[in-house]
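Position chain B relative to chain A; hints supplied.
Quick note, the sequences are listed as chains A and B, same order.
For what it's worth, this note's numbering labels the leading residue of the first sequence as 62, then goes sequentially.
For what it's worth, this note's numbering labels the leading residue of the second sequence as 21, then goes sequentially.
Worth flagging that the hints you see were computed from the coordinates, not collected in a lab.
The C-beta atom is built at its ideal place from N, Cα and C for all residues, glycine as well.
Do not rely on the hints blindly, as some may be mistaken.
[Unchecked claim] If you want a taste of the chain A side facing chain B, the calculated C-beta under 7 angstroms gives, among others: (1) F106; (2) A110; (3) R162; (4) M170; (5) Y179; (6) L188; (7) F200; (8) Q204; (9) G217; (10) D219; (11) H220; (12) A222; (13) I226.
[Unchecked claim] Partner residues aside, some chain A positions facing chain B, computed with beta carbon under 7 angstroms: (14) F113; (15) A165; (16) D185; (17) R199; (18) A201; (19) G262.
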Amino acid sequence: MSASNISTHAFDGRMQSPKPVRNERLNVEQASYAYSATAQSAPTFTLGATSFQAHERELVAILGPNASGKSTLLQLISGTIAPLSGRVELDGEETSRLDTRTRAQRIAMVHQESPVVYPALAGDFVLQGRYPYGRALRFATKQDIEIARNALAQVGADHLAGRTIGELSGGEKQRVILARALAQQPRLILLDEPTLHLDIGAQVDLLERLRQLAQENRYAVVVVTHELALAAEFADRVVLLQHGRCLRVGTPATVYQRELLEQVFEAPLDVETGPAGRPRVNLRARRGEDAE
Amino acid sequence: MRPLTVRRLLWTCGGLTVALLASVVLALKLGAVPISVTDLVVNLGRAAIGRTSQIPTEYRLIIFDLRLPRILLGILVGAALSVSGASFQALLRNPLADPFVLGVSSGAALGSILAMIIAPQLAFVMPLGAFLGAIATIAAVYFLGRREGELDSTTLLLGGIISASFLSAIIMFLMTTLAGRDLRGMVFWLMGDLSTPVPVSLRWILTVGVIAGIGAIYTTAADLNLLLTGEREAIHLGVDATRVKLVVYISASLLTALAVSASGAIGYVGLLVPHAVRLLFGSDYRLLIPASALGGAIAIVLADTLARTVVAPTELPVGAMTAMAGAPVFIYLLRRGMR
Numbered sequence: 062m063s064a065s066n067i068s069t070h071a072f073d074g075r076m077q078s079p080k081p082v083r084n085e086r087l088n089v090e091q092a093s094y095a096y097s098a099t100a101q102s103a104p105t106f107t108l109g110a111t112s113f114q115a116h117e118r119e120l121v122a123i124l125g126p127n128a129s130g131k132s133t134l135l136q137l138i139s140g141t142i143a144p145l146s147g148r149v150e151l152d153g154e155e156t157s158r159l160d161t162r163t164r165a166q167r168i169a170m171v172h173q174e175s176p177v178v179y180p181a182l183a184g185d186f187v188l189q190g191r192y193p194y195g196r197a198l199r200f201a202t203k204q205d206i207e208i209a210r211n212a213l214a215q216v217g218a219d220h221l222a223g224r225t226i227g228e229l230s231g232g233e234k235q236r237v238i239l240a241r242a243l244a245q246q247p248r249l250i251l252l253d254e255p256t257l258h259l260d261i262g263a264q265v266d267l268l269e270r271l272r273q274l275a276q277e278n279r280y281a282v283v284v285v286t287h288e289l290a291l292a293a294e295f296a297d298r299v300v301l302l303q304h305g306r307c308l309r310v311g312t313p314a315t316v317y318q319r320e321l322l323e324q325v326f327e328a329p330l331d332v333e334t335g336p337a338g339r340p341r342v343n344l345r346a347r348r349g350e351d352a353e
Numbered sequence: 021m022r023p024l025t026v027r028r029l030l031w032t033c034g035g036l037t038v039a040l041l042a043s044v045v046l047a048l049k050l051g052a053v054p055i056s057v058t059d060l061v062v063n064l065g066r067a068a069i070g071r072t073s074q075i076p077t078e079y080r081l082i083i084f085d086l087r088l089p090r091i092l093l094g095i096l097v098g099a100a101l102s103v104s105g106a107s108f109q110a111l112l113r114n115p116l117a118d119p120f121v122l123g124v125s126s127g128a129a130l131g132s133i134l135a136m137i138i139a140p141q142l143a144f145v146m147p148l149g150a151f152l153g154a155i156a157t158i159a160a161v162y163f164l165g166r167r168e169g170e171l172d173s174t175t176l177l178l179g180g181i182i183s184a185s186f187l188s189a190i191i192m193f194l195m196t197t198l199a200g201r202d203l204r205g206m207v208f209w210l211m212g213d214l215s216t217p218v219p220v221s222l223r224w225i226l227t228v229g230v231i232a233g234i235g236a237i238y239t240t241a242a243d244l245n246l247l248l249t250g251e252r253e254a255i256h257l258g259v260d261a262t263r264v265k266l267v268v269y270i271s272a273s274l275l276t277a278l279a280v281s282a283s284g285a286i287g288y289v290g291l292l293v294p295h296a297v298r299l300l301f302g303s304d305y306r307l308l309i310p311a312s313a314l315g316g317a318i319a320i321v322l323a324d325t326l327a328r329t330v331v332a333p334t335e336l337p338v339g340a341m342t343a344m345a346g347a348p349v350f351i352y353l354l355r356r357g358m359r
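Bound conformation, chain A alone (with noise of 0.2 angstroms):
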């Protein structure tokens, strides 16, 4: 950990510099995995290798239909699984290698939304974020309950922070969720299929969000969806899979091209290029029939 790494405290309002140097934080190298019932059988799914980067203040999109390789790739970023071959680097650490801890203070990860088993209030949910922090019983300390406050605050979620989890609607949850995240004080945040049960106000609430806590806090952003129309609004970057290969690596306006999308998603699309040269896509009913 580098001295200049201090600084990316989630309320370090200094590093806004007006032309912001793009430090590279997350290096995915020609990674590749394999998952197979027993370590003898043939590997029921491969993921290919696969090579990207992410820079601070970036956001990327890995995209795909169902079983692309999606979740697995984001595993591989998250260091729960360590690549079979190629290498995943954060600022140059393999994050596979690090420890349970360490790793927690630099990755945050936000999955798809977990059932609640007991009542826990939203405050209380997102100070499970200075868990890497802290020692033994993990008592949360004033600092702790600061930085809680102010994740809460920069996901606009301050007035929530005394209601239980529970009685929250899909989006004021995953704004909890993501205020855990922030907690964490991490600098490569990713999130798993995070617009999946938010209706459509939501979800680019959270994607205008993510970008501009990647703007402030100098996050690299790591987003798996299959929403094309949200990536092409809001990704730096994207990285297009399909059955477990990867295809395409650029940015939207270079991946999205309307022959390889049909293929890809298997639904006839039309692509056409938006006023600030970001591609939009739109889906055509397929002759007869409504297309999902």
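Chain B alone, transformed into the frame defined by chain A:
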């Protein structure tokens, strides 16, 4: 935001300790021969300052030879069962988990019976057999409860209930084929009962084991809070889930085994007590574990006092009392889901 503070933890546990002392006094007082509070205080005072010779023989017998050992045993057993229930609830992410419901108590009972058959002369062999039985059962139930790599709540509970009845059947078989056994004693022990005195060597094993087991689980209290939100989430927040699960599974099985080898399969304490504690003090495991230990002790001491007095001079097994209170609560929780 209302994070747990050390102050709140200490106040809550202090309050519960006072309640425990009050229930101990009550339990010493009530019984087939009631003893006045004055006599109690005087004689306990005499014992405390070492003047045991001044204690009248009848009081020495009733207070110090009969009631007090039984109460202390009840405290250990209640604490062990409640903490083990609370731990299983966190590990399995299921508010209905309890050593009795999961079949772990039956496994421990079978283990200790087998141990007694094989080597009846050794004191530590019973808790050891119980421990092996408990570990084997929770492992079996855990694998029965998995579906496509995920723990399925319904399958898990069914697996536990089926294991419990299967193991009870084997115990029944062993009991009826073993000639010369005290059948009423066996039935009481199976229901859960504190009336059988525990040999002195076993008392030490029990005391040290229960304290060590609860202590080991308490070191993981902060991790259990996170494991409750899901194992994957916990790992990404920095919890060494494999280590925590191993420590807690082994300690919770040990606690169940110790309780069962001393007092048989007392049911539902591990379900009732943590649930009541959650309603009163919230579900933070840093508070839940010590509060459940104290609450479990109170619950067993009071339940056993009831068992000794409702149809005095005849006694009921304490397990009958806890089951009468616990089974309706279990059904209520099952129907309502969890708040």
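Hints and how they fare:
no. : hint : result
1   : F106 : violated, 14 angstroms
2   : A110 : violated, 25 angstroms
3   : R162 : holds, 4 angstroms
4   : M170 : holds, 4 angstroms
5   : Y179 : holds, 4 angstroms
6   : L188 : holds, 6 angstroms
7   : F200 : holds, 6 angstroms
8   : Q204 : violated, 12 angstroms
9   : G217 : violated, 16 angstroms
10  : D219 : violated, 10 angstroms
11  : H220 : violated, 12 angstroms
12  : A222 : holds, 5 angstroms
13  : I226 : violated, 9 angstroms
14  : F113 : violated, 21 angstroms
15  : A165 : holds, 3 angstroms
16  : D185 : holds, 6 angstroms
17  : R199 : holds, 4 angstroms
18  : A201 : holds, 4 angstroms
19  : G262 : violated, 26 angstroms
In terms of the numbered hints stated before, the structure departs from hints 1, 2, 8, 9, 10, 11, 13, 14, 19, listed from lowest to highest.
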